[in-house]
Amino acid sequence: MIPLDQVLVFSGILFALGVYGVLTRRNAIAILMSVELMLTAVNTNFIAFGVFHRPSLAVGLVFAVFVITVAAAEVGLALAIILRIYRQRTTANVDEVDILKW
Amino acid sequence: MSVEQWVFYVLAAIAVGGAAVTVFARDIVRAALGLIVALLMTAGVFVLLSAEVIGLVQLLVYGGAVAILILFALMITRAREVTYRLDGPQKPLALLAGATLAAAIGVAVVGTVFPTNTDHINPVGFVEMSTALFQTYAVPFEVASLVLLVALVGAIIIARQEERQ
Chain A
98 MIPLDQVLVF SGILFALGVY GVLTRRNAIA ILMSVELMLT AVNTNFIAFG
148 VFHRPSLAVG LVFAVFVITV AAAEVGLALA IILRIYRQRT TANVDEVDIL
198 KW
Chain B
52 MSVEQWVFYV LAAIAVGGAA VTVFARDIVR AALGLIVALL MTAGVFVLLS
102 AEVIGLVQLL VYGGAVAILI LFALMITRAR EVTYRLDGPQ KPLALLAGAT
152 LAAAIGVAVV GTVFPTNTDH INPVGFVEMS TALFQTYAVP FEVASLVLLV
202 ALVGAIIIAR QEERQ
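Chains A and B are the protein sequences, given in the same order.
The numbering of the first sequence is this note's numbering, which starts it at 98 and goes up by one.
The numbering of the second sequence is this note's numbering, which starts it at 52 and goes up by one.
Note that these hints are calculated values from the structure, not bench results.
Every residue, glycine too, gets a C-beta built ideally from N, C-alpha and C.
Be a bit skeptical, because a hint or two may be false.
Some chain A residues near chain B, calculated using beta-carbon distances under 7 Å [as the list claims (entries may be wrong)]: (1) Asp102; (2) Ile110; (3) Gly118; (4) Arg151; (5) Phe163; (6) Ile165; (7) Ala169; (8) Gly173; (9) Leu176; (10) Arg181; (11) Gln185; (12) Val194; (13) Trp199.
Estimated spans, in silico, between C-beta atoms of each pair [unchecked claim]: (14) Asn173(B) <-> Glu193(A): 49 to 55 Å; (15) Pro152(A) <-> Glu132(B): 53 to 59 Å; (16) Val194(B) <-> Asp195(A): 21 to 27 Å.
Computed footprint of chain A on chain B; a stretch qualifies when at least three of its residues, placed anywhere within it, have a C-beta under 8 Å from a C-beta of chain A [claimed, not checked]: (17) 65-78; (18) 96-102; (19) 133-147; (20) 150-159; (21) 171-179; (22) 203-211.
Using the sequences and the hints given, assemble the complete structure.
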């Protein structure tokens, strides 16, 4: 059997890698990929706590389903926005998209 | 050590390797492929945690839909033909932040005494999960489907080519 803390350490590593990617990447799509990593790490945590809890909680799995749903919606919308920005400014570099600054 | 534990270690190692490729690779297409590897291996971890349904959903949504979407977006935005480096100048600070977070999570996990038996899985049955999903949380489930619908329509409208007069 897999102990709970090993699963948590695994998801923690995934989450930290995702945070690093979000902080360091310049390409908007690369940032989005790092966000996906973080969402998956969180899902792993939900499922792990759900199945290790005694009596087992179906809530963890249900919440994981919701997280996956929202993540899918987020990917679709974010890629649409990135495409729109690319069409207007011919770049997906977030450092160059600074019209909200003055 | 049991077979399950070995399988978990192998899956976790490949997943962490794929995640590392995702955030460290210089080539963005390679990063995308690393992301796909990491997400599929995480689906394997879900199956090991006896959450087969979520594993399958993860396989379909991430291994299929998200992977294709991201690769298409990379293709359309010509992400490989850029001249700038993929990482910003804030890289050392980001590395520090990530390492600090990983260390903090590790310390917290090791130091916490969980009020439950932590080395035995209680599988959630299909009936139990379906009851929770479609009865107890039926309203949030419907709202989630609405979210998907709105996101779909919104994505189409945002990404649509404007008609020139």
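**OP:** Could you tell me which of the hints above the structure violates, numbers in ascending order?
**Re:** 11, 12, 13, 16
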